[in-house]
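Chains A and S, in that order, are what the protein sequence lines are. Residue numbering for the first sequence follows this note's numbering, beginning at 1 and increasing consecutively. Residue numbering for the second sequence follows this note's numbering, beginning at 1 and increasing consecutively.
Among these hints, one or two may not hold up.
What the hints assert, rightly or not - Computed cross-link-like contacts, DMTMM-like style, restricted to lysine to aspartate or glutamate with a CA-CA straight-line distance of at most 20 angstroms:
| hint | chain 1 | residue 1 | chain 2 | residue 2 |
| --- | --- | --- | --- | --- |
| 1 | S | 8 | S | 143 |
| 2 | S | 96 | A | 14 |
| 3 | S | 381 | A | 14 |
| 4 | S | 376 | A | 11 |
| 5 | S | 376 | A | 51 |
| 6 | A | 61 | S | 385 |
| 7 | S | 199 | A | 18 |
| 8 | A | 61 | S | 392 |
| 9 | S | 376 | A | 7 |
| 10 | S | 381 | A | 22 |
| 11 | S | 199 | A | 30 |
| 12 | S | 376 | A | 18 |
I should point out that these hints are in silico values taken from the structure, not numbers from a laboratory.
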Amino acid sequence: MNKLRTETAFERPDDFYELLIETHRGLSDEQSAMINAKLILLLSNHIGDLDVIREALHLAKQGV
Amino acid sequence: MGSYTYPKFGYRICADQTAPAPPRHDVVVVGAGLVGLTAAIDLALKGVRVVVIDDDDTVSQGSRSICQAKRTLEIWDRLGCAAPMLAKGITWQTGKIFFRDRKVFAFDLQPEGGHRFPAFINLQQYWVEQYLVERAQSLPNIELRWRNRLAGLTAHEDHVRLEVETPDGRYVCTADWVIAADGARSTARRMMGLDFRGKVFEDRFLIADVRVDGAKFPTERWFWFDPPFHEGGSALVHRQADGLWRVDLQLGWTADPESEKRPERVIPRLKAVFGADTAFDLEWVSVYTFQCRRLERFRHGRVLFAGDAAHQVSPFGARGGNSGVQDADNLCWKLALVLKGLAPGTLLDSYDAERSLAADENVLITTRSTDFITPKGAASKLFRDAVLQLAERHPFARHLVNSGRLSLPTLHDPSPLNTPDRDAFAGAPGPGAAATDAPLLCDGAPDWLLGTLNGGFSGLYFSDGPVSADTASQLAALDQMPLPVRPLIVAPAPAPSPQGLRVVVDRDGSARRRYDALPGTFYLLRPDQHVCARWRRFDPRAVTAAVDRATGRAAPHQEHS
């Protein structure tokens with residue numbers, strides 16, 4: 001069973017974060033939420049491993 | 001009664017004021033702050049006579065730039081004034097991040113030992129400037145002119161004309177070169193009509209220096225996002241010398257800067273930080289906004305802009321003062337060579353090229369920090385809070401938390417002064433990087449690699465045993481060139497010094513490791529302790545070509561091999 005990777009995978013984490021935030025700049029809350037939903041679907045399909053996605057969903061729900 | 005007594009340096013009449021014709025100076029530095037004083041000392045130590053004018057006659061009003069970074073301390077050590085700063089300052093290397101009422105994680109800025117200087121010291125800007133002034137006063141090449149205000153500046157092809165206002169009226173002098181280090185509201189910049197463009201951040205911060213009875217926090221940088229004692233904002237607490245604490249609180253764009261400065265507004269906020277029953281004295285309060293902006297070019301003919309006069313960044317990351325000092329470090333050896341006729345004036349264009357890279361990097365990095373600390377918009381805030389929630393348990397998210405990326409020296413690459421690598425090196429400071437320090441033995445006594453460099457070009461030759469007579473002659477000849485390169489043999493164990501060459505002992509292998517050195521590896525270092533070329537095998541002709549390139553005497557495309 002594949003494990004979710006929680007060590008950093010980014011060579012330059014700040015570049016990634018800026019890209020993410022810039023994508024949302026100037027959008028309404030609804031537009032942002034729609035982008036987030038589509039992004040999750042796209043990346044989940046890319047991962048394709050339900051064990052990994054299940055673990056990620058579990059960790060994401062903690063503390064919420 | 002404050003913890004610091006401001007010195008009064010006093011105005012004195014100078015020879016220029018009674019001269020029959022405007023006297024000509026080699027270099028006039030405008031502004032006796034961190035950057036201007038650093039530049040003046042550096043030039044004076046290189047044999048250049050410098051006049052420094054400043055409109056005030058004391059040091060920085062307020063503690064302002066308190067975090068002095070390792071690289072900055074190494075520069076001041078080269079200038080002979082880091083020791084009192086290190087003794088007076090607060091050494092720290094740990095930062096902690098909090099989100100609401102929870103500690104999220106801690107970070108260590110200097111996980112590796114074996115360096116002369118710590119990652120940071122905290123020392124109020126007025127102390128730093130006082131030590132710099134004391135150093136400058138000890139150098140006969142520097143004339144400090146207090147209460148001499150720049151009142152006019154006209155740049156000509158071959159000189160700069162300055163008008164200076166004093167308590168005794170106005171005088172005129174000229175200079176071959178002017179270093180404009182007169183701060184964010186630079187008069188020199190305004191007089192030259194130069195645009196200072198960028199972005200204003202719509203937020204306000206309260207900054208306070210507080211003397212507290214009994215240390216409430218450890219000697220660490222503590223940063224809170226949305227803490228219970230200051231809901232909705234960010235907070236930063238940091239220790240300084242003399243029992244002072246720096247408190248930085250985000251107030252938001254709608255806060256009124258005047259009323260927020262009043263004690264009846266400030267004291268309840270500080271009680272919330274330190275506890276209601278903690279006794280403290282408020283020494284200094286300021287409410288500030290900030291901006292990221294820069295001049296398009298740092299060199300305008302014979303006027304060279306440095307520090308805040310050239311570029312301004314948000315304060316998160318301590319990149320204002322530190323990058324300004326590094327500007328001076330980059331500029332002064334070039335200016336000294338040009339003044340001595342050892343390099344063409346075009347070498348100064350590389351100051352603009354290299355420090356523009358640094359300014360752009362600092363603007364980018366501090367803008368990102370600001371966007372994380374003060375997220376604009378619901379999506380940005382949502383991601384910020386999600387990152388902070390994840391960071392407590394998941395390492396990847398810690399890399400995304402951004403409370404300020406603390407100042408590190410810029411890699412000047414690409415630069416016209418670098419000779420690109422032809423040989424393979426694994427990591428280690430490459431062309432354009434600041435040289436890394438390492439513990440050594442010099443003449444049997446513990447010393448530091450950077451401390452053994454003499455302020456000119458240096459060559460590090462790594463050997464594993466006796467150096468052949470041929471190699472020793474070639475190394476010795478480097479020091480006899482018109483622009484000498486001082487050779488230093490780095491050996492694993494005490495060895496005889498062939499032909500009077502200096503041999504230093506890499507007692508624990510740190511230098512070899514940090515420079516990925518093999519026997520025969522040669523590093524060429526510039527006067528500002530930056531690597532400009534390196535090879536696996538020492539070739540005197542390649543060294544000469546690299547020195548020509550690093551001093552603007554050979555165009556980058558004229559590759560000698």
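Results for each hint:
1. S:8 - S:143: OK: residue 8 (chain S) and residue 143 (chain S) at ~16 angstroms, within 20 angstroms.
2. S:96 - A:14: holds, 19 angstroms
3. S:381 - A:14: Roughly 16 angstroms between the alpha carbons, so the hint for residue 381 (chain S) and residue 14 (chain A) holds.
4. S:376 - A:11: violated, 26 angstroms
5. S:376 - A:51: violated, 35 angstroms
6. A:61 - S:385: holds, 14 angstroms
7. S:199 - A:18: Between residue 199 (chain S) and residue 18 (chain A) the Cα gap is close to 16 angstroms, so the pair holds against 20 angstroms.
8. A:61 - S:392: holds, 14 angstroms
9. S:376 - A:7: violated, 28 angstroms
10. S:381 - A:22: holds, 13 angstroms
11. S:199 - A:30: Given that 20 angstroms is the threshold and the Cα spacing comes to 28 angstroms, the pair is violated.
12. S:376 - A:18: Holds. Residue 376 (chain S) to residue 18 (chain A) sits at ~13 angstroms (cutoff 20 angstroms).
Of the numbered hints given earlier, the model fails hints 4, 5, 9, 11; all others are met.
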